[in-house]
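If you read the protein sequences in the order shown, they are chains V and E.
Take the first sequence: its letters are residues 0 to 398, numbered as in numbering that gives the first Met the number 0.
Take the second sequence: its letters are residues 0 to 398, numbered as in numbering that gives the first Met the number 0.
Derived by calculation from the structure, the hints in this document are not laboratory data.
Any given hint could be a false lead.
Which copy is meant is left open, because identical chains are indistinguishable; a pair holds if it fits in one copy or across any two.
[As the list claims (entries may be wrong)] Pairs of lysine-lysine, DSS-like flavour, derived with a Cα cap of 25 Å:
1. K288 <-> K175
2. K37 <-> K50
3. K257 <-> K37
4. K199 <-> K388
5. K388 <-> K175
6. K366 <-> K50
7. K322 <-> K175
8. K366 <-> K37
9. K243 <-> K288
10. K319 <-> K243
11. K175 <-> K319
12. K257 <-> K288
13. K50 <-> K175
14. K199 <-> K243
15. K37 <-> K175
16. K199 <-> K50
17. K175 <-> K366
18. K199 <-> K175
Only a predicted model underlies this, so the values are computations on that prediction, with no experimental measurement involved.
2 protein chains.
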Amino acid sequence: MKKSNRRRFLEITALGGTLAACKTGGKVEEPAPSRLGKPVSAYGERAPFEKAARWTRTTRTPEQASSNTPHQDLNGIVTPSSLHYERHHAGVPRIDPAEHRLLIHGMVERPLIFTMDELHRLPSVSKIYFLECAGNTSSEWPEKTAPDVQQSHGLASCSEWTGVPLSLVLAECGVKPGASWILAEGADPCRMSRSVPLAKCLDDVLLAYGQNGEAIRPEQGYPLRLFVPGWEGNISVKWLRRIKVGDQPTYTRDETSKYTDLMPDGTARQFTFEMEAKSVITYPSGGQKLSGPGFCEVKGVAWSGRGRIERVECSTDGGKTWKDAQLQEPRLRIAFTRFRFPWNWDGSEALLVSRCTDETGYVQPSKEELIAVRGLHSNYHYNGTKVWKVAADGSVSNV
Amino acid sequence: MKKSNRRRFLEITALGGTLAACKTGGKVEEPAPSRLGKPVSAYGERAPFEKAARWTRTTRTPEQASSNTPHQDLNGIVTPSSLHYERHHAGVPRIDPAEHRLLIHGMVERPLIFTMDELHRLPSVSKIYFLECAGNTSSEWPEKTAPDVQQSHGLASCSEWTGVPLSLVLAECGVKPGASWILAEGADPCRMSRSVPLAKCLDDVLLAYGQNGEAIRPEQGYPLRLFVPGWEGNISVKWLRRIKVGDQPTYTRDETSKYTDLMPDGTARQFTFEMEAKSVITYPSGGQKLSGPGFCEVKGVAWSGRGRIERVECSTDGGKTWKDAQLQEPRLRIAFTRFRFPWNWDGSEALLVSRCTDETGYVQPSKEELIAVRGLHSNYHYNGTKVWKVAADGSVSNV
Chain V
0 MKKSNRRRFL EITALGGTLA ACKTGGKVEE PAPSRLGKPV SAYGERAPFE
50 KAARWTRTTR TPEQASSNTP HQDLNGIVTP SSLHYERHHA GVPRIDPAEH
100 RLLIHGMVER PLIFTMDELH RLPSVSKIYF LECAGNTSSE WPEKTAPDVQ
150 QSHGLASCSE WTGVPLSLVL AECGVKPGAS WILAEGADPC RMSRSVPLAK
200 CLDDVLLAYG QNGEAIRPEQ GYPLRLFVPG WEGNISVKWL RRIKVGDQPT
250 YTRDETSKYT DLMPDGTARQ FTFEMEAKSV ITYPSGGQKL SGPGFCEVKG
300 VAWSGRGRIE RVECSTDGGK TWKDAQLQEP RLRIAFTRFR FPWNWDGSEA
350 LLVSRCTDET GYVQPSKEEL IAVRGLHSNY HYNGTKVWKV AADGSVSNV
Chain E
0 MKKSNRRRFL EITALGGTLA ACKTGGKVEE PAPSRLGKPV SAYGERAPFE
50 KAARWTRTTR TPEQASSNTP HQDLNGIVTP SSLHYERHHA GVPRIDPAEH
100 RLLIHGMVER PLIFTMDELH RLPSVSKIYF LECAGNTSSE WPEKTAPDVQ
150 QSHGLASCSE WTGVPLSLVL AECGVKPGAS WILAEGADPC RMSRSVPLAK
200 CLDDVLLAYG QNGEAIRPEQ GYPLRLFVPG WEGNISVKWL RRIKVGDQPT
250 YTRDETSKYT DLMPDGTARQ FTFEMEAKSV ITYPSGGQKL SGPGFCEVKG
300 VAWSGRGRIE RVECSTDGGK TWKDAQLQEP RLRIAFTRFR FPWNWDGSEA
350 LLVSRCTDET GYVQPSKEEL IAVRGLHSNY HYNGTKVWKV AADGSVSNV
């Protein structure tokens with residue numbers, strides 16, 4: 000592609016710089032396929048050239064571990080189920096759906112037990128929602144660093160979830176006056192349990208059995224999980240087997256020994272459920288390398304546990320100046336929103352960063368703003384902006 | 000669950016009948032997991048209990064065949080990529096993305112060749128769109144019958160597609176005055192080719208490289224396919240290697256020997272691109288069996304190549320009386336819309352059927368209305384309503 004042609008993209012994108020994207024010569028290579036390709040198949044697999052994988056820290060206890068979504072390799076807003084992040088407290092149990100039961104008891108008129116077949120006959124809802132671990136991006140508190148977006152932001156993913164509204168099933172059981180919380184318990188060996196305010200359960204919580212069209216994957220709670228939209232991931236209890244209705248939180252091990260946020264004054268915030276607005280640039284991002292100067296679409300995702308993403312701004316100078324990014328429609332509540340920002344890289348060092356605003360008007364804070372309020376030891380709920388440095392040689396790193 | 004409890008669901012759904020869904024007793028089975036579950040993994044797989052698979056007709060040429068999506072097993076609107084329908088004319092070629100090239104030539108100022116890396120740097124779009132083979136539901140023309148919704152309607156699926164707008168790349172090449180069509184050619188051994196009007200290419204056609212977050216699957220055109228929203232599937236040429244801009248259609252083998260619709264007067268309609276509005280009940284549907292009378296949510300999908308689905312009506316008496324179904328939001332243009340209809344089955348024979356209306360006001364025709372216009376030999380573009388019979392024993396069949 001000649002220089003004169005490169006200029007055409009500048010007109011299209013109305014930006015300065017040069018296009019280095021297309022530099023192939025004018026020769027057409029003619030492959031000569033001599034035989035038929037592969038036949039149709041029952042259950043497809045990805046191309047053997049594709050290597051995107053979840054990342055996990057080397058550990059002696061991979062059953063009590065997490066694995067991260069490779070955002071740098073993904074497009075759009077749907078995370079492939081095979082690459083949805085994981086966080087297990089005692090490994091993934093093998094549960095036969097024909098044997099699985101959900102018990103609802105406690106402060107209810109009619110304790111009930113449901114089979115999976117029974118749940119499948121009930122009224123259902125399908126929604127595209129993100130899910131994010133409270134510990135996502137904890138590597139950005141100053142002590143640590145992550146080399147890429149998968150390690151820094153990979154404990155968040157987005158799927159289409161299908162299930163029965165919990166409100167409907169609770170109405171069937173008849174919640175007694177005075178009830179205000181539930182306890183949700185998983186069928187994993189550690190019986191991971193969390194307390195959820197009843198008001199949220201009567202709002203938008205699902206008994207979810209479907210993920211991206213199929214049955215929920217084993218790592219996501221097969222055959223049934225609680226799904227609590229917009230709240231920290233661990234409260235969406237996987238392999239859900241029991242719900243007990245009560246009049247106070249249960250203060251389980253999982254909500255006292257962890258999942259509390261230590262503040263600078265030495266107190267700890269407990270039951271910090273909502274995931275606040277957050278965004279990150281996924282391309283170009285840490286560990287990637289641009290092949291040369293020229294046009295490059297900067298891409299990323301933004302999300303908020305409080306609703307819709309209204310705005311994403313991008314900066315190429317580390318936050319000194321900002322411009323609005325384009326937001327892919329539809330912008331769904333409590334779901335990833337894909338943003339894009341046209342950029343003509345002139346080949347000099349650049350600092351790429353994004354910040355988002357949600358429908359409540361909340362603006363994603365800078366790292367400094369976040370630390371000013373929360374100190375350095377919160378561990379959970381880090382949602383500061385993320386800067387990537389593009390060096391003159393095109394290599395991208397965390398700074 | 001006692002009878003008195005069953006009545007609660009009637010209040011919730013405001014419908015008559017009885018609930019047979021929940022009949023488990025009050026005993027809680029206590030599984031005793033004694034060991035840790037499985038550790039985190041790099042690329043997840045579905046549960047071993049899940050057996051949903053694409054269906055294909057027994058054939059001596061599985062490279063020149065199709066396979067169908069198991070709608071009866073799916074939820075929501077996203078079709079898992081592993082279960083997206085297939086239609087191949089010469090099998091699935093193995094293409095190394097590092098070697099793949101797209102040539103654009105013909106009536107352009109600047110013929111260009113793009114590598115995949117170059118395409119990835121260009122401005123992109125992600126959209127949830129259905130794709131449907133022109134031959135989907137051809138078994139419903141009177142000569143044939145299909146026992147289930149997978150065989151009758153399985154040549155339609157829905158994914159989030161990501162790619163570069165073709166309009167942008169054509170602008171880069173500089174389309175010459177007088178041009179009005181393109182030819183798109185695949186890299187499969189048969190060089191499957193279709194002519195597409197230039198006006199559509201400048202509207203919403205994509206050079207698609209992403210599907211449901213990941214790279215496009217091999218069966219869907221890896222690493223690059225044309226994606227022509229709302230038009231018959233074969234025109235979204237897979238394994239796209241060449242686009243030639245011209246001033247007339249090419250009349251390739253694939254658009255003359257097939258993909259024309261024979262009308263009752265002996266003429267054939269050619270270039271019938273748009274997929275008209277269509278809906279089908281996926282649960283309960285042919286081959287399934289209801290465990291007994293009581294509440295049962297009737298579920299299905301509706302779609303239109305002309306835009307948004309505005310309304311779906313359901314009937315339990317074969318179309319004598321109709322009631323509005325609930326439509327899952329967001330209702331996206333040219334995408335599946337999931338519909339749901341609460342039904343209390345009284346245990347007597349029922350005839351379930353759905354019909355949809357799209358944003359243009361077009362109403363899905365009955366089979367009789369369709370045949371009155373198109374006769375019996377169109378083969379392609381069948382979009383009549385579909386009736387499933389629920390027998391007194393709960394078994395569901397095609398009638």
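Here is what the structure says about each hint:
1. K288 <-> K175: neither (59 Å within a copy, 36 Å between copies)
2. K37 <-> K50: Classified as both; 20 Å inside a copy, 22 Å across copies.
3. K257 <-> K37: between (50 Å within a copy, 22 Å between copies)
4. K199 <-> K388: neither (41 Å within a copy, 40 Å between copies)
5. K388 <-> K175: neither (56 Å within a copy, 42 Å between copies)
6. K366 <-> K50: Result: close neither inside a copy nor across copies, 32 Å intra and 47 Å inter.
7. K322 <-> K175: neither (53 Å within a copy, 35 Å between copies)
8. K366 <-> K37: Neither: 51 Å inside a copy, 36 Å across copies.
9. K243 <-> K288: neither (51 Å within a copy, 33 Å between copies)
10. K319 <-> K243: neither (51 Å within a copy, 45 Å between copies)
11. K175 <-> K319: neither (56 Å within a copy, 43 Å between copies)
12. K257 <-> K288: neither (38 Å within a copy, 46 Å between copies)
13. K50 <-> K175: neither (52 Å within a copy, 41 Å between copies)
14. K199 <-> K243: The answer is within: 15 Å in one copy meets 25 Å, while 56 Å across copies does not.
15. K37 <-> K175: For K37 and K175, the Cα distance exceeds 25 Å both inside one copy (60 Å) and across copies (39 Å).
16. K199 <-> K50: neither (39 Å within a copy, 34 Å between copies)
17. K175 <-> K366: neither (45 Å within a copy, 51 Å between copies)
18. K199 <-> K175: within (16 Å within a copy, 59 Å between copies)
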